[in-house]
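Chemist: If you want the building blocks of each chain, they are given just below.
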Amino acid sequence: MSYTSVDADEVRHVATLARVDLDDEEVEEFAAQFADILTYFDALDEVPEVDAETELVNVMRPDEVRESLTQEEALANAAETEDGFFKGPKVS
Amino acid sequence: MAADLNIFVTEETVESDADGPLSGKTVAVKDNISTEGLRTTCGSAMLDDYVPPYDATVVERLKEAGATIVGKANMDEFGMGSTTETSAFGPTKNPVDPERAPGGSSGGSAAAVAAGEADLALGTDTGGSVRNPAAFCGVVGIKPTYGLVSRYGLVAYANSLEQIGPFAPTVEEAAELLDVISGPDAKDATTHDEGVNSDYMSAADGDVEGLTVGVPTELVEGADGRVVETFEDALSELEAQGAETTEVSLESVGHAVQAYYVIAMSEASSNLARFDGVRYGISASEAGGGSEGERSEFSGESRGYEGNWNESFARVREEGFGAEVKRRVLLGTYALSAGYHDKYYKKAQDARAWVKQDFDAAFEEADVLASPTMPVLPPKLGESLDDPLQLYLTDANTVPVNLANLPAISVPAGESEGLPVGLQLIGPKFGEEEIVRAASAVEQ
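Chains as they are written, first to last, in this note's numbering: chain A, 1 to 92; chain B, 1 to 444.
The hints are simulated quantities; they were obtained by calculation from the structure and are not laboratory data.
Please note that a few of the clues may not be correct.
Stated by the list, open to error - Partial chain A-side listing against chain B, Cβ under 7 Å, derived: (1) ALA18; (2) ARG19; (3) ASP21; (4) TYR40; (5) LEU44; (6) VAL50; (7) VAL65; (8) LEU69; (9) PHE86; (10) GLY88; (11) VAL91.
Stated by the list, open to error - Beta-carbon label-pair distances, calculated as ranges: (12) A:GLU49 x B:VAL196: 35 to 43 Å; (13) A:HIS13 x B:GLY37: 37 to 45 Å; (14) B:GLY225 x A:HIS13: 43 to 51 Å; (15) A:ALA32 x B:SER337: 17 to 25 Å; (16) A:LEU56 x B:ASP4: 44 to 52 Å; (17) A:GLU55 x B:ALA240: 40 to 48 Å; (18) B:GLY339 x A:ASP23: 20 to 28 Å; (19) B:HIS192 x A:ASP7: 43 to 51 Å; (20) A:GLU73 x B:HIS192: 47 to 55 Å; (21) A:GLN71 x B:THR13: 29 to 37 Å; (22) A:ALA52 x B:LEU389: 24 to 32 Å; (23) A:PHE86 x B:GLY225: 52 to 60 Å.
Unchecked claim - Over the 10 Å line for every Cβ pair with chain B, so calculated as not near, a few chain A residues: (24) ALA8; (25) ASP9; (26) GLU28; (27) GLN33; (28) GLU49; (29) ASP51; (30) VAL57; (31) PRO62; (32) GLU64; (33) ASP83; (34) GLY84.
Ideal placement from N, C-alpha and C gives every residue a C-beta, glycine not left out.
One chain only, chain B, in its complex shape (with noise of 0.2 Å):
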């Protein structure tokens, strides 16, 4: 079966023998995050033999645990993608409906949960990229408050959105996973001392009586008629539940997507500098790309180390790159260049300011707030790859979060045409038992 979905890049068993509570549990960790000894290639051809020398702390954390490793799951390049098909190692497919992408970028690790191959999974998540596949998958995914979690042995894309988060088939497996992974680490200062400790499962009791949910207006406009009526079905479920409803107005949403995009496009044309073949990736020696003359430099013994370092550079990333990368290394190159810093990454950070002050707002007026996680059902795969700003413009609902740096999770709402449709619930910095104990609600 994981063959046929094409869930791992590497499918290796790592076992623990500590006694914790994840023994006897299988974990599927998305390929990049760093396994000590075992491949991580984050999705790409530029990484395609890279082992890691150490491990990221949520894989130490993990076998302290007691949980086995099963594989590294496969996701969309550098976890720029909405559907895991921007994969150097093709594409997942959605166990639901095999003719339909996953979603992404974490599309390996959801599909691994949905199809049984794990029993929880870690995804990254930096615009939704843990929510968006457990919607289109049907399992539960939790994008942590920033800085809950420790980064240290993720490859960074875009470092100030993106947060490890875990995905399982119910709730509290997911906010036990949570208990794992999350609390302050020596090696990643932007961790907080929050989560130490945490009881996050406990939260999962189902108790909604008196929680206000907050629903903003402009996150469930958008969305494919089908999506809005079993999201509304679900929030009928959680008022006979005891809740209360409240629309709330987020007006800054309408510029989030522009807002997540310079920003993470800028962070990424950074980090992906790196990526040189001279201490990681494909070597110069074996990137082809340029004329037949410039070619003929790189073949016997001057191994690739005659010529121009930035020449050799270029020619290193051609061939490493996949498109999306390359389209997204550009587009924040060009946004961080002379002349155009204030147009496009400043006002970026505008929004960003602006998204964070409106839903401090609407925190004011309700508990958690709650939107469809995806404004539409599963694309078919292959779809919608074409069109790159109509794939930009499907993460609408969960960028702000990321934006804010706010927790919240995807969780089942039921079904459309036999698809699935992802509720996802926005809890306040920190309110990870809010969240979980909401969604714990939803799935009842």
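The following block holds chain A by itself, in its conformation from the complex (with noise of 0.2 Å):
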């Protein structure tokens, strides 16, 4: 089994790609835990290549008008909206 190691500048890495601000501590505390859990996620390369039976296929139904929620429904759960729209922040 290898051993995983994880410093705090890969776990800021995660956290910038997974879009999740840490604090130091968070950061700190996050890197020791990963290298335990991922070092016990090794033993998956123990396991046999196995034949996987189904072959997986694309099932479409027809792309047909439905019953949907309103707009007004749609928006109702959104802190800031505009003129029937979501607001996001600005891209920059």
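If you follow the hints, you should be able to join the two separate chains into one complex; please do so.
Modeler: Encoded structure:
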């Protein structure tokens, strides 16, 4: 079993990819825990190749208009809306 | 009583005027199942004020069957946990012993039934989240075959693994609730025709004459001695009623927990990407975090909409998600990231195929498989939260079932030191009748 090391920078990098801010304390705590958890996951290296019997196929249905939420219902849980649209942060 | 045990996140009654098999029955619904007009939080601060504009299919079916919904049951945040302690609304206490955890993640649902706050309850089971709290609270819980029950309206955590399942005081009542919610749904393409006009309730006849019960040695040897003793007594009871037991081997289950967590975390990292504070979730203007300088951007008229889109999302997600959710989203992102996909995610899928194969072989030798549901007795509140890896290991007996998409039931097997022990019966695909029948013999 190989040893998996995870340092604080790596945790910060993954947090950036996942769009989650972390404070320094969380980064340190996660770095320690991730090392343990990922080392445990390393046991997957021992799994033999297995023939998965099913071949996946796409299943499609006709693209047709159906009953759906009203615009008002769809926007009801948004914190900020404007002129019937969701309002998000500016892209910069 | 309910307030003391913190069973419900939202306690509100929705009556149905329909006349059906559940008329006069009260049902608690786990708080990750959408209820029109009734707050649905998933146990998260992120969805503190989320009110779904529609009913989940299972909720529609409850209403059509005449059931009265009595509240939204507490749960581990987004279903991530095994004790209901990761809820943003505080832990639920186990009605059997309020110093102990009710199990998770459907702890509120199991506790509602155990405490008599509801006749029946719905939970969701991604890696054991119905069977685990059923075992710890001394009630019956069923994880149906994948595809038997519609997931439409369930706030997804790990789509390929999770199913909605019933809780009840008895096997017969749990089977009756399963009859109500099972069957195909045009809104969920993963549902099957099985379950149409089902009569699982009638299968609870206790007749196990000639039934072969396979006992996977791997699922017994790691368990607490007190749990094993109660389990073996229950097995002897089954034998006395005419069942035959035989040892079977599931070599692959030694890798099931790793495979389960890699797959579940990977799916979670994708599913939870939607919570960014724009369509729902706490808004950027409510989220703190960041440095003081950054926070000042969020004051006054800008209402948090200045600055970088990604930074704004990251701040919302820091504020809205609890530690276990962040841990799983980050580990899932890591497992799927370039360079690690083949090492973790692909290998986990191989392990999943291996587990399925092992179960297929075991069902050539036995009609159903039996194991302790949980390898331990219900832990004290706060006892198990510090070490996430140790907590993940308590799911060892339940996660293989989700990986293989099979049905399983947890039925009370007896008590040890005054605490309930659950017996798990696993069936072949769509073998709900077999596990209901065998479980009904355990409770006699």
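Chemist: Now tell me if each hint is right for this structure.
Modeler: Results for each hint:
1. Of the supplied interface hints, the one on ALA18 (chain A) holds, with its beta-carbon coming within about 4 Å of a beta-carbon of chain B, less than 7 Å.
2. With a cut of 7 Å, the hint placing ARG19 (chain A) at the interface with chain B holds, because the nearest CB-to-CB distance is about 5 Å.
3. Hint on ASP21 (chain A) holds. Least Cβ distance to chain B is approximately 4 Å, under the 7 Å limit.
4. Satisfaction of the interface hint for TYR40 (chain A) is found here, the shortest Cβ-Cβ separation to chain B being roughly 6 Å, below the 7 Å cut-off.
5. This hint holds: LEU44 (chain A) has a C-beta 4 Å from the nearest C-beta of chain B, less than the 7 Å allowed.
6. Using the Cβ-Cβ criterion of 7 Å, the hint placing VAL50 (chain A) at the interface with chain B is satisfied: the shortest such distance is roughly 4 Å.
7. Interface restraint check for VAL65 (chain A): the shortest CB-CB distance to chain B comes to about 15 Å, outside 7 Å, so the restraint is violated.
8. Annotation: LEU69 (chain A) was flagged as interfacial toward chain B, and the flag holds, the nearest CB pair being 6 Å apart, inside 7 Å.
9. Checking PHE86 (chain A) against chain B: minimum C-beta separation of about 5 Å stays under 7 Å; hint holds.
10. A least Cβ separation of about 5 Å between GLY88 (chain A) and chain B falls short of the 7 Å threshold, and the interface hint therefore holds.
11. A hinted interface residue such as VAL91 (chain A) counts as satisfied when its beta carbon comes closer than 7 Å to some beta carbon of chain B; here the least separation is about 5 Å, so the hint holds.
12. GLU49 (chain A) and VAL196 (chain B) have their C-beta atoms about 38 Å apart, which keeps the hinted 35 to 43 Å range intact.
13. In this structure the hint that HIS13 (chain A) and GLY37 (chain B) lie 37 to 45 Å apart at CB holds, the actual value being about 42 Å.
14. For GLY225 (chain B) and HIS13 (chain A), the hinted distance range of 43 to 51 Å is satisfied, since their beta carbons lie about 45 Å from each other.
15. At roughly 20 Å, the beta-carbon separation of ALA32 (chain A) and SER337 (chain B) lies within the given 17 to 25 Å, and the hint holds.
16. The beta-carbon spacing between LEU56 (chain A) and ASP4 (chain B), approximately 49 Å, falls within the hinted interval of 44 to 52 Å.
17. Restraint check, GLU55 (chain A) to ALA240 (chain B): a C-beta distance of roughly 46 Å satisfies the suggested window 40 to 48 Å.
18. Checked against the hint of 20 to 28 Å, the pair GLY339 (chain B) and ASP23 (chain A) passes, with Cβ atoms roughly 27 Å apart.
19. In this structure, HIS192 (chain B) and ASP7 (chain A) meet the distance hint of 43 to 51 Å, their C-beta atoms being roughly 47 Å apart.
20. Range check, GLU73 (chain A) to HIS192 (chain B): Cβ separation about 30 Å, and the 47 to 55 Å hint is violated.
21. The hinted window of 29 to 37 Å between GLN71 (chain A) and THR13 (chain B) holds, with their beta carbons roughly 30 Å apart.
22. Checked against the given bound of 24 to 32 Å, the beta carbons of ALA52 (chain A) and LEU389 (chain B), roughly 28 Å apart, stay inside it.
23. About 56 Å separates the C-beta atoms of PHE86 (chain A) and GLY225 (chain B), a value consistent with the hinted range of 52 to 60 Å.
24. Look at ALA8 (chain A): its CB is around 13 Å from the nearest CB on chain B, clear of 10 Å, so calling it non-interface holds up.
25. With a least beta-carbon separation of about 13 Å from chain B, ASP9 (chain A) lies farther than 10 Å from that chain, consistent with its non-interface assignment.
26. Taking the minimum C-beta to C-beta distance to chain B, about 13 Å, the non-interface status of GLU28 (chain A) holds against the 10 Å cut.
27. With a minimum CB-CB distance of about 6 Å to chain B, GLN33 (chain A) fails to clear the 10 Å threshold, and the non-interface call is violated.
28. Under the 10 Å C-beta cut-off, the non-interface status given to GLU49 (chain A) relative to chain B is violated; the minimum distance is some 6 Å.
29. ASP51 (chain A), annotated as away from the interface, has a beta carbon of chain B within 10 Å; the closest lies near 7 Å.
30. The Cβ of VAL57 (chain A) lies farther than 10 Å from every Cβ of chain B, with a closest approach of about 13 Å, so its non-interface assignment holds.
31. For PRO62 (chain A), the non-interface assignment is confirmed: its Cβ lies about 12 Å from the closest Cβ of chain B, beyond the 10 Å cut-off.
32. At roughly 12 Å from the closest C-beta of chain B, the C-beta of GLU64 (chain A) stays outside 10 Å, upholding its exclusion from the interface.
33. With a least beta-carbon separation of about 15 Å from chain B, ASP83 (chain A) lies farther than 10 Å from that chain, consistent with its non-interface assignment.
34. GLY84 (chain A), annotated as away from the interface, keeps every beta carbon of chain B farther than 10 Å; the closest lies near 14 Å.
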